[in-house]
Amino acid sequence: MIGERLPSPLSALAWEIWRQKRWWFCLSAALTIAAYVLNLCFPAAIRYTVTGYDRLLPINGFMVAGALLLIFGAFNYTGFNPQKEWTGLPYHLFTLPVKTVVLVTVPLALGVLAVETVFVTWAKFASTFHERISAPWMAVLIGAYMIFYQTILWVLAAFRSLRVITLALTGTSFVGVAFLPAFGEYISSPWLSEGFGMAMMAGLVVVAFFIAWSGVARQRFGGGQRRNIIRAWLDWAEDRLPRRERPFSSGANAQFWFEWRRSGRLLPLCLAAILIVVVLPLSWHLRHEPGAVVWILAWTLATPMILAVPIGKGFSKPDFWSSSLSVSSFLATRPLATGEWIVIKMKVAALSTILTWTLVLAFLSVWLPLWANLDSLNSVRVVLWMVHGHSVYPQYLLASFGFFAVALITWKFLVNGLWIGLSGRRRLFVGSAALYGFICLAGMITLTTVTNREEGAEPPTPYDPDRLVATVQWIVAGAVMAKFGLAAWSWRSIRRCRVQQYLWLWIGGTVGLLSGAGLIWSDGTLSALLMVLGFPPIDSLRLASLLVFSALLTIPLARLGLAPTALASNRHAR
Amino acid sequence: MHKSLLILAVLFSIGAILLAGRHQDFRRIKGATNGNSWRALSAGRGTPTVVFESGAGSPLETWARIQSLVGRFTSTFSYDRAGLGLSAKGATPRDGERIAAELHAALSTAQVSPPYVLVGHSLGGPFVRIFAGMYPSDVAGLVLVDPTQEDLVEWAKSRKTTQPKEHPFRPHDEVDCAPLTFAQAKTCRLPDVPVTLITGIGPREIPDFLPASLKQEVQRDQESLYPAKLKFHQRWVESLPQGRIVITEKSGHGIPWEEPELVVEVIREVVARVRASPSSTIRRDKP
Chain L
1 MIGERLPSPL SALAWEIWRQ KRWWFCLSAA LTIAAYVLNL CFPAAIRYTV
51 TGYDRLLPIN GFMVAGALLL IFGAFNYTGF NPQKEWTGLP YHLFTLPVKT
101 VVLVTVPLAL GVLAVETVFV TWAKFASTFH ERISAPWMAV LIGAYMIFYQ
151 TILWVLAAFR SLRVITLALT GTSFVGVAFL PAFGEYISSP WLSEGFGMAM
201 MAGLVVVAFF IAWSGVARQR FGGGQRRNII RAWLDWAEDR LPRRERPFSS
251 GANAQFWFEW RRSGRLLPLC LAAILIVVVL PLSWHLRHEP GAVVWILAWT
301 LATPMILAVP IGKGFSKPDF WSSSLSVSSF LATRPLATGE WIVIKMKVAA
351 LSTILTWTLV LAFLSVWLPL WANLDSLNSV RVVLWMVHGH SVYPQYLLAS
401 FGFFAVALIT WKFLVNGLWI GLSGRRRLFV GSAALYGFIC LAGMITLTTV
451 TNREEGAEPP TPYDPDRLVA TVQWIVAGAV MAKFGLAAWS WRSIRRCRVQ
501 QYLWLWIGGT VGLLSGAGLI WSDGTLSALL MVLGFPPIDS LRLASLLVFS
551 ALLTIPLARL GLAPTALASN RHAR
Chain B
1 MHKSLLILAV LFSIGAILLA GRHQDFRRIK GATNGNSWRA LSAGRGTPTV
51 VFESGAGSPL ETWARIQSLV GRFTSTFSYD RAGLGLSAKG ATPRDGERIA
101 AELHAALSTA QVSPPYVLVG HSLGGPFVRI FAGMYPSDVA GLVLVDPTQE
151 DLVEWAKSRK TTQPKEHPFR PHDEVDCAPL TFAQAKTCRL PDVPVTLITG
201 IGPREIPDFL PASLKQEVQR DQESLYPAKL KFHQRWVESL PQGRIVITEK
251 SGHGIPWEEP ELVVEVIREV VARVRASPSS TIRRDKP
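Sequence order for the protein chains is L and B.
Heads up, the first sequence is in our numbering, so the first residue is 1 and it goes up one at a time.
Heads up, the second sequence is in our numbering, so the first residue is 1 and it goes up one at a time.
A couple of the hints might just be wrong.
Heads up, incomplete: computed chain B residues facing chain L, CB under 8 Å, no partners named [what the hints assert, rightly or not]: (1) 1; (2) 17; (3) 22; (4) 90; (5) 155; (6) 207; (7) 209; (8) 210; (9) 254; (10) 258.
If we take Cβ atoms under 8 Å as the criterion, some of the chain B residues that face chain L in the derived model are [to be verified]: (11) 2; (12) 8; (13) 16; (14) 19; (15) 23; (16) 24; (17) 46; (18) 59; (19) 64; (20) 85; (21) 201; (22) 203; (23) 223; (24) 225; (25) 257.
Simulated from the structure, these hints should not be mistaken for lab results.
For glycine and all other residues, C-beta sits at the position ideal for the given N, C-alpha and C.
Produce the complete structure using the sequences and hints provided.
Written out as structure tokens, the structure is:
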């Protein structure tokens, strides 16, 4: 571009967005075209019938979500400001000879235009039958969310990664709002009409625009008196908290404290926020719904594990809050052996896990006896009571084993990627994150396809889950062999006493998990539960071997052995 | 390589290969009516063959805790009826005679030779009674595990104050076809073979975690339904020359899950009686 003259600052802005995120746009377009071609491959009998549409819905649904998410990713139009230590609207744009209103309007307008283009293209596949949400209403919501999304990214610049929580909460609220007009079919209220919803959204969009404009304007002019009022308040609150004044007894203790303050407490804090903001009000609101308790319980139990995956990615880095993967001088010169550093990270992860699950337990012990409708949960308990010779104690034992297992899985997600994050290799780090994302997406597509298949038109011969389970059985057996083979290699250069210490822990934990697996499988408990919960029957011997393999795979072993070497090479690379 | 971990790796790899190959020996049997296949499970050796028939809507997993134990002393056969579990849909209506005919065809396709000791739970009870009436020479004994008795159903209907919700007759639904099945069961004539009926009138203790409404329902059942059930079961068994009733207060209707060992013991006893009977050898030779 040197020597060339750009037509206008406005074009420069548009060009920069395109230039930075062109691959995201191309990928979104490619996904749309691929879906179009894929849909064309199916005969008209499938594409233009309700049952056929139902079968294609999971594939189309996930592809449209992917295409839209890519557009939202492309309009994550932010840059890191090292002076202010925030990630807001790219600060180099502040020097462009354009007014702030233009600086804000262009990305917002382009974002809305891009997301609406993708949506309109997709509407052909995704909204043909059973429209619970009409296409115009959906278009308004998607456009509005793009405005909210960019506003949150720019205005809450100082919160950096934590903005994801605000974005997720806003997104979840939008999903709820999307269904409001559908409730209007059952409840006669002018508040539940699409017209009112659109007017409300238009008003909120205008408010969001002004917030974005004023926020960016403040940042552009160097902040101002109220620039960091929330941060200042948080700092003030943190200063009032009791703080450590005693000297640390050892370098290891100091490092433990440091790791805990930087990253360890994040998981329990996030979980507490979700429990208070989402789960608690939801559980109260749905307290009379018998079926809701199972779903709320399942999500409450899954949330720590789900949170542990992204937090674990950050936790695996030398510094959670730094975008750099290399070990800073501050950390590299600590009087600590590399192996000891890894042990400290593992201990911090363990404390984080224990605290997180204590919070879950505390919530459950208040919610379940006080305001949960336990009818549907009790129907499962009755089955267990019948199977276990009319005793309730095996249920409590099963619940304890279940808690032990999910806590271990949470811990695993926190420490499993240490060897990647501490290695300092960005490609490996990004690649592993992409792999996680891909596995999650593929899993969700498979699950939805299978579920949809059950609900859709039944084939003449029922789907045989044993075939799938047999394949999974061999894949998991391969994973077990790979795990122990790799462990024998990865722990070769680690001190004998450390290997022994960890191996005893591993054996203890695994024996506990195997006992739980035995308890859930014995006496046909699992078969009975599958029957009661309406799952298709599965070969009980295959289930037993899967449970054993899962127990062997739960507690990390092989990849942990790679972490000290990875950290050592990163630490001494400078 | 770390030596101890290498040994562990070798051991776990052998274990993983052995475990990955473990599975139950399910068979796919071609159905007689429309060529679709059914899922079946055979275990054990010896005669007579114990054939299991589950209750309404239940797959063969109902017998998960029983079949392996019975398989230790004789041959066994369980299957998913058409349209249940992992079996394909069958012809309609799903009444007792059709189900008995399909079971008979399935047994001969699977080359499971008579004599059979038929074990039926709940609605499986009338099904095996109809089978015994239709193929008397193939049947050497019956074990009815808390069977649904047509007289009890009539009695319960007559006592109902509220009318159940009407819905159009679904010929593919065994429960909708149950009145047909009961009528067929009532008219069929059983062969003179050992018949043991297990009736569940318990459990007396009601778990604390049950909601109050359900507790009241269970108490009502214990006060009125169970005595009536016992009366009808006893009356029916007394009408059979080799009939016997086993009353359990430890289980309700879910005996296969609550007291599998009792079911196994009763089957063992019936099998022993069949083996002791001289006529069983004659039946065994029949195709």
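Here is how each hint holds up against the structure:
Evaluation of the residue 1/B hint against chain L yields a held restraint, the C-beta minimum of about 5 Å falling below 8 Å. About 7 Å separates the beta-carbon of residue 17/B from the nearest beta-carbon of chain L, less than 8 Å, and the hint is met. The closest approach between the C-beta of residue 22/B and any C-beta of chain L is roughly 5 Å, which is under the 8 Å cut-off, so the hint is satisfied. Nearest Cβ of chain L to the Cβ of residue 90/B: about 11 Å, over the 8 Å cut. The hint is violated.
Nearest Cβ of chain L to the Cβ of residue 155/B: about 26 Å, over the 8 Å cut. The hint is violated. For the restraint placing residue 207/B at the interface with chain L, the shortest Cβ-Cβ distance is roughly 5 Å, inside the 8 Å limit, so the hint holds. Checking residue 209/B against chain L by beta carbon gives a least distance of about 5 Å; that is within 8 Å, so the hint holds. The interface hint given for residue 210/B holds, since its Cβ lies 6 Å from the closest Cβ of chain L, which is under the 8 Å cut-off.
Satisfaction of the interface hint for residue 254/B is found here, the shortest Cβ-Cβ separation to chain L being roughly 5 Å, below the 8 Å cut-off. The closest approach between the C-beta of residue 258/B and any C-beta of chain L is roughly 5 Å, which is under the 8 Å cut-off, so the hint is satisfied. Look at residue 2/B: its Cβ gets to within about 5 Å of chain L, closer than 8 Å, so that hint holds up. A distance limit of 8 Å between C-beta atoms decides the matter here; for residue 8/B the minimum to chain L is near 6 Å, and the interface restraint holds.
For residue 16/B, the interface hint holds, the least distance from its beta-carbon to any beta-carbon of chain L being 4 Å, beneath 8 Å. Look at residue 19/B: its Cβ gets to within about 4 Å of chain L, closer than 8 Å, so that hint holds up. Interface hint at residue 23/B: satisfied, since its Cβ lies 5 Å from the closest Cβ of chain L, which is below the 8 Å cut-off. A cut of 8 Å between beta carbons decides the hint on residue 24/B: the least distance to chain L is about 5 Å, and the hint holds.
Among the interface hints, the one on residue 46/B is violated; its C-beta lies about 22 Å from the nearest C-beta in chain L, farther than the 8 Å criterion. At its closest, the beta carbon of residue 59/B sits 5 Å from a beta carbon of chain L; the interface hint therefore holds under the 8 Å criterion. Interface hint status for residue 64/B: upheld, as the beta-carbon distance to the closest one in chain L is roughly 4 Å, under 8 Å. The beta carbon of residue 85/B is positioned within 8 Å of a beta carbon in chain L (closest approach about 5 Å), and the interface hint is therefore held.
For residue 201/B, the interface hint is violated, the least distance from its beta-carbon to any beta-carbon of chain L being 15 Å, above 8 Å. A least Cβ separation of about 6 Å between residue 203/B and chain L falls short of the 8 Å threshold, and the interface hint therefore holds. Nearest Cβ of chain L to the Cβ of residue 223/B: about 20 Å, over the 8 Å cut. The hint is violated. Restraint check, residue 225/B versus chain L: the minimum CB separation of about 18 Å is more than 8 Å; hint violated.
Against a cut-off of 8 Å between C-beta atoms, the interface hint on residue 257/B holds, since the closest Cβ of chain L lies about 5 Å away.
In summary, the numbered hints that this structure violates are 4, 5, 17, 21, 23, 24.
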